[in-house]
Amino acid sequence: MQKPLKGAPSAPPAEEKKEEEKKEEKGVGEKKEEEQKKEEQQKKEEEQKKEAETKEEEKKEVEKKEEEKREGGSKEEGKTAEGEAKKENSGGGET
Numbered sequence: 066m067q068k069p070l071k072g073a074p075s076a077p078p079a080e081e082k083k084e085e086e087k088k089e090e091k092g093v094g095e096k097k098e099e100e101q102k103k104e105e106q107q108k109k110e111e112e113q114k115k116e117a118e119t120k121e122e123e124k125k126e127v128e129k130k131e132e133e134k135r136e137g138g139s140k141e142e143g144k145t146a147e148g149e150a151k152k153e154n155s156g157g158g159e160t
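Residue numbers (my numbering): 66 to 160.
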């Protein structure tokens, strides 16, 4: 057997190199797939958060409008009731 020269690494046969390259390619491919899956998952989560936020905002707006209607309705009722009470009081003072 020959001894390899000092400083020169022993090179594996061509077949072994090919197998190693295939393994590396598979590893890289798997990593890329995992990264893509993670990115897709993140995108889905972001979309869900946005949808939830918009739904929450819409809910708040609807509640706000309903509250305004209630307050507005009670104010109008109060105004008419107060107006009627004043009319009755002023009418009673004239007689």
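Accuracy of the hints is not assured; some may be wrong.
Computed spacing ranges between beta-carbons, pair by pair [what the hints assert, rightly or not]:
no. : residue 1 : residue 2 : range
1   : Q101      : K129      : 28 to 36 Å
2   : E105      : E133      : 38 to 46 Å
3   : K96       : K130      : 48 to 56 Å
Derived from the structure by calculation, the hints contain no laboratory data.
Using N, Cα and C, we set each Cβ at its ideal position, and we do this for glycine too.
Now the hints, each set against the structure:
no.	hint	in the structure
1	Q101 / K129: 28 to 36 Å	42 Å, violated
2	E105 / E133: 38 to 46 Å	42 Å, holds
3	K96 / K130: 48 to 56 Å	51 Å, holds
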